[in-house]
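There are 2 protein chains.
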Amino acid sequence: MNDAFARPPARRYDYERDPAAIYRQSFAIVRAEADLDRLPESLRDVAVRLIHACGEPDIVADLAWSDGAAEAAREALGQGAPILTDVKMVEYGIIRSRLAARNEVVCTLDDPRVADHAGDLATTRSAAAVDFWQDRLAGAVVAIGNAPTALFHLLERIAEGFPRPAVILGFPVGFVGAAESKQALSENPFSIPYLTLKGRRGGSAIAAAAVNALAAGLPEEGR
Amino acid sequence: MNDAFARPPARRYDYERDPAAIYRQSFAIVRAEADLDRLPESLRDVAVRLIHACGEPDIVADLAWSDGAAEAAREALGQGAPILTDVKMVEYGIIRSRLAARNEVVCTLDDPRVADHAGDLATTRSAAAVDFWQDRLAGAVVAIGNAPTALFHLLERIAEGFPRPAVILGFPVGFVGAAESKQALSENPFSIPYLTLKGRRGGSAIAAAAVNALAAGLPEEGR
Numbered sequence: 001m002n003d004a005f006a007r008p009p010a011r012r013y014d015y016e017r018d019p020a021a022i023y024r025q026s027f028a029i030v031r032a033e034a035d036l037d038r039l040p041e042s043l044r045d046v047a048v049r050l051i052h053a054c055g056e057p058d059i060v061a062d063l064a065w066s067d068g069a070a071e072a073a074r075e076a077l078g079q080g081a082p083i084l085t086d087v088k089m090v091e092y093g094i095i096r097s098r099l100a101a102r103n104e105v106v107c108t109l110d111d112p113r114v115a116d117h118a119g120d121l122a123t124t125r126s127a128a129a130v131d132f133w134q135d136r137l138a139g140a141v142v143a144i145g146n147a148p149t150a151l152f153h154l155l156e157r158i159a160e161g162f163p164r165p166a167v168i169l170g171f172p173v174g175f176v177g178a179a180e181s182k183q184a185l186s187e188n189p190f191s192i193p194y195l196t197l198k199g200r201r202g203g204s205a206i207a208a209a210a211v212n213a214l215a216a217g218l219p220e221e222g223r
Numbered sequence: 001m002n003d004a005f006a007r008p009p010a011r012r013y014d015y016e017r018d019p020a021a022i023y024r025q026s027f028a029i030v031r032a033e034a035d036l037d038r039l040p041e042s043l044r045d046v047a048v049r050l051i052h053a054c055g056e057p058d059i060v061a062d063l064a065w066s067d068g069a070a071e072a073a074r075e076a077l078g079q080g081a082p083i084l085t086d087v088k089m090v091e092y093g094i095i096r097s098r099l100a101a102r103n104e105v106v107c108t109l110d111d112p113r114v115a116d117h118a119g120d121l122a123t124t125r126s127a128a129a130v131d132f133w134q135d136r137l138a139g140a141v142v143a144i145g146n147a148p149t150a151l152f153h154l155l156e157r158i159a160e161g162f163p164r165p166a167v168i169l170g171f172p173v174g175f176v177g178a179a180e181s182k183q184a185l186s187e188n189p190f191s192i193p194y195l196t197l198k199g200r201r202g203g204s205a206i207a208a209a210a211v212n213a214l215a216a217g218l219p220e221e222g223r
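In order, the protein sequences belong to chains A and B. In this text, residue positions in the first sequence follow our numbering: the first is 1, and each later residue adds one. In this text, residue positions in the second sequence follow our numbering: the first is 1, and each later residue adds one.
Don't read these hints as lab results, they were simulated from the structure. Built from N, CA and C at the ideal position, the CB exists for glycine as well. Hints should not be assumed to be uniformly reliable.
According to the in silico footprint, chain A covers these stretches of chain B (three or more CB under 8 Å from chain A) [unchecked claim]:
1. 5 to 14
2. 34 to 47
3. 66 to 73
4. 93 to 102
5. 125 to 132
6. 146 to 154
7. 170 to 179
Pairwise CB distance ranges, derived in the manner of DEER restraints [stated by the list, open to error]:
8. B:R12 / A:D116: 23 to 29 Å
9. B:R113 / A:A32: 45 to 51 Å
10. B:D14 / A:D37: 33 to 39 Å
11. A:G161 / B:P112: 31 to 37 Å
12. B:D14 / A:D110: 26 to 32 Å
13. A:Q183 / B:E187: 41 to 47 Å
14. B:P112 / A:E187: 32 to 38 Å
15. B:R113 / A:A61: 39 to 45 Å
Using the sequences and the hints, build the whole thing.
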């Protein structure tokens, strides 16, 4: 770095530079625009963070959850439950400093056994990777931010006797199976607590934001 | 893994399991629903992938670009230009197998010097991290998927003499500065090619999708 860049650039644009002010203003705008009244108190801060992650206050209308889902997630996270994710983007969106219990964050998608296992099962790598969660799944926090097939496969495995996670944060995104997988989650017959976003919207940023919100509320980190 | 899980689960749900079919169906739905006609031919495949990443065909109306931006990005990527990102989520969303030139993907946010530098400049860590791009910035592909301050800061540094990237893929998201930073990008007086999404929407998945699309078109990887 040149010495010249030890100084701030000349201000060409009028923008907020203070991280705490950015968070404060962002959350204030979200609270002003989003219809948080339809949510239980335990989910309002979570919804603020989900909206903050995608820029769309109207996702509130598509949120679906089971009673006590936020409490189940907070308790599991506080007790150090592992966090299981379908993609690296979710893994890297989780803010480690907010995991007071230093929870393990696991994405098995790149496990060298996954490609062959997907071939054996005639399914996607994302679905096959779920089978490698088995030893950590009991009481875990599952955060799915990309693949509908991972969520469907998990529900099918649980039906067959896979261990039960503490909560499923289900945010697959897209046009083929995403809405359907989240509908299946919201109708899961295993009484597994869940939080999800109906329809096509979702994604890794929202899934990570859900974990971050449930891990420690609404902090004001630098951004 | 138990032997029991060497077999596929019993099919409780009717969903597409074939990765190639999922991509094919997804892209077909996007092409049917999105108004791609308003885009130049060089950006239509890119737009399909951006929509695929967020589930929202209507983002097409908010896309903005400079003439030749896609060509500039494809040429830079093909020649091995480094890819500079503001957050790890973008870094991990870029599919390495699509980078035929084995481009370096760099996120400096976790550089140990960044926190102090942000304090010295009285700005965010995301903005301060941009200063550590300096040595790689000439001819680089910049992909910003989170922080408006990173994009504003980059434009201010370029005004002061920072090297010029080949293209800026600008997708900050959120309520404070995101729309304004993308407006500034689209009005940049440096003639730097750009692709951006006006308004509040954006994010790391869209930024990574832009790189992936410009790196190799529309493949059908496993998902």
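Hint-by-hint comparison with the structure:
1. 5 to 14: n = 9 at 8 Å, threshold three: holds.
2. 34 to 47: violated (count 0)
3. 66 to 73: violated (count 0)
4. 93 to 102: violated (count 1)
5. 125 to 132: The restraint on the stretch 125 to 132 of chain B holds, since 5 of its residues have a Cβ under 8 Å from chain A and three suffice.
6. 146 to 154: With 6 residues close enough to chain A, the hint holds.
7. 170 to 179: holds (count 6)
8. B:R12 / A:D116: 23 to 29 Å: holds, 24 Å
9. B:R113 / A:A32: 45 to 51 Å: Given a distance of about 37 Å, which is not inside 45 to 51 Å, the answer is violated.
10. B:D14 / A:D37: 33 to 39 Å: holds, 36 Å
11. A:G161 / B:P112: 31 to 37 Å: violated, 46 Å
12. B:D14 / A:D110: 26 to 32 Å: Hint holds: Cβ distance 29 Å, inside 26 to 32 Å.
13. A:Q183 / B:E187: 41 to 47 Å: holds, 43 Å
14. B:P112 / A:E187: 32 to 38 Å: Cβ of P112 of chain B to Cβ of E187 of chain A: about 48 Å, so the range 32 to 38 Å is violated.
15. B:R113 / A:A61: 39 to 45 Å: Given range 39 to 45 Å: holds, Cβ gap about 44 Å.
The structure fails hints 2, 3, 4, 9, 11, 14 (numbered hints given earlier, in ascending order).
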